[in-house]
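Taken in order, these protein sequences are the chains called F and G.
All letters in the first sequence, in the order written, are residues 566 to 755 by the working numbering.
All letters in the second sequence, in the order written, are residues 566 to 755 by the working numbering.
If you're looking for bench data, these hints aren't it; they were derived computationally from the structure.
Keep in mind that a hint or two might mislead.
Identical copies carry no separate label here, and so any pair may be met within one copy or between two of them.
As the list claims (entries may be wrong) - Here are the computed lysine to aspartate or glutamate pairs in the EDC-like style, where the Cα-Cα straight-line distance is at most 20 Å:
id: 1; residue 1: K631; residue 2: E698
id: 2; residue 1: K579; residue 2: E653
id: 3; residue 1: K632; residue 2: D738
id: 4; residue 1: K579; residue 2: D672
id: 5; residue 1: K579; residue 2: E569
id: 6; residue 1: K579; residue 2: D671
id: 7; residue 1: K579; residue 2: E681
id: 8; residue 1: K579; residue 2: E650
id: 9; residue 1: K579; residue 2: E655
id: 10; residue 1: K631; residue 2: E585
id: 11; residue 1: K631; residue 2: D671
id: 12; residue 1: K632; residue 2: E650
id: 13; residue 1: K631; residue 2: E679
id: 14; residue 1: K579; residue 2: D689
id: 15; residue 1: K631; residue 2: E613
id: 16; residue 1: K632; residue 2: D701
id: 17; residue 1: K631; residue 2: E653
id: 18; residue 1: K579; residue 2: E613
id: 19; residue 1: K632; residue 2: E569
Protein chains: 2
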Amino acid sequence: MALEHAILVSLLEKPGSGYELARRFERSIGYFWTATHQQIYRVLGRMESDGMLAVRTIPQQGRPDKKEYSAAGPGRAALAQWLHEPIEPESLRHDLAVKIRGAAFDDPASLIREVERHQQAHRDRLARFLAGELRDFTGPDAPAPLDAGQELQHVVLRGGIAQERMTIAWLDDVLTTLHRLGRSAPPATD
Amino acid sequence: MALEHAILVSLLEKPGSGYELARRFERSIGYFWTATHQQIYRVLGRMESDGMLAVRTIPQQGRPDKKEYSAAGPGRAALAQWLHEPIEPESLRHDLAVKIRGAAFDDPASLIREVERHQQAHRDRLARFLAGELRDFTGPDAPAPLDAGQELQHVVLRGGIAQERMTIAWLDDVLTTLHRLGRSAPPATD
DNA sequence: CTTGTCTATGCAACGAGTTGCATAGCAGGA
DNA sequence: TCCTGCTATGCAACTCGTTGCATAGACAAG
């Protein structure tokens, strides 16, 4: 149920349309939450009919009207209430780990390419995160001093950076293990 | 759709009932995947009717019969096929990060307790992972040398350990930031 | 001129995951 | 004695998330 709250946070940071929100979820919000435009439109519609959001319809030429949402009083109050409720620590879901463990019943070496592909995706994501950090928080064009909201955005981004670095290092460990098993052990054929 | 595959991996490692699988998902499989008994029973039923699993009914006294599942030929073949298909790198879902960023619109200091609670949960999980590593892989009672399956289980567990260590360190960073904002900045009231 | 991409919204169907409840005997502690 | 918890399975109702599709004009590249 945190998608609602992620949307509220994003709209408090800056009002916007469903389409704009979807693009933010590909960028900065995407550091810690993903959502497709479908989910976003559905949840926005529900929140609007629950009176959690204010809407302003902006007519446009040659394209559908833009509906700009903002988090009005009730939405902001709902967010504040949620912030004071305890939540459960995350549970893990890691498909690649399922594959790694499953490789015992196939050829471990055949997974090497897949692991390398994932590692490259994480390297790319790390590069994007570092570029964003430089642009928004630590580079010469960044505002100084940062306000509280920016400090909090920065510490969340540092979490994403740490996550990617850790994952890249772990996948090195996985690759070393797969290479070692490929040399010493034939595929399991039990 | 990876729950099916996680179940297949677990059943290949050792056949068992739905109930036993549910408990494995609280332990070793839980390093990288969680599932409740409801999900497991439902998926087991579907896989059984699809002929992916072999079932053996074991009568018991004073409790319902146990249905012991094992991954027969078709199930194993399906797993092998999935292992050779590429999958998408994980997308992140981190409720606590939503809260941290939302704290800009509330009192940052009021989140400190919640973050500390999460950090403690991660410390506990790290302790469980380290105890499991000692028991199964690096301690005096562990088998030596490890076979390929055990090596792969170990590298997955090392991933969990690295994840928990990274998270604990990041939450230190978050706490430092929240304390700093609590001292210097009043809650946003815009 | 056609193909593709971007803006902007939305429906429909499906599968995945959560929560509450139900059955039912057996064992152990307050 | 009562209450809690363990083994063992399962139904029902719900929300969340994904995928495919549809509309429709603007604009750029080939």
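Hint check:
| no. | hint | result |
| --- | --- | --- |
| 1 | K631 <-> E698 | neither (30 Å within a copy, 55 Å between copies) |
| 2 | K579 <-> E653 | neither (28 Å within a copy, 31 Å between copies) |
| 3 | K632 <-> D738 | neither (48 Å within a copy, 38 Å between copies) |
| 4 | K579 <-> D672 | between (50 Å within a copy, 19 Å between copies) |
| 5 | K579 <-> E569 | within (15 Å within a copy, 41 Å between copies) |
| 6 | K579 <-> D671 | between (50 Å within a copy, 16 Å between copies) |
| 7 | K579 <-> E681 | neither (38 Å within a copy, 29 Å between copies) |
| 8 | K579 <-> E650 | neither (24 Å within a copy, 40 Å between copies) |
| 9 | K579 <-> E655 | neither (27 Å within a copy, 27 Å between copies) |
| 10 | K631 <-> E585 | within (10 Å within a copy, 53 Å between copies) |
| 11 | K631 <-> D671 | neither (52 Å within a copy, 29 Å between copies) |
| 12 | K632 <-> E650 | neither (31 Å within a copy, 40 Å between copies) |
| 13 | K631 <-> E679 | neither (41 Å within a copy, 38 Å between copies) |
| 14 | K579 <-> D689 | neither (27 Å within a copy, 38 Å between copies) |
| 15 | K631 <-> E613 | within (15 Å within a copy, 49 Å between copies) |
| 16 | K632 <-> D701 | neither (28 Å within a copy, 57 Å between copies) |
| 17 | K631 <-> E653 | neither (36 Å within a copy, 32 Å between copies) |
| 18 | K579 <-> E613 | within (17 Å within a copy, 50 Å between copies) |
| 19 | K632 <-> E569 | within (17 Å within a copy, 41 Å between copies) |
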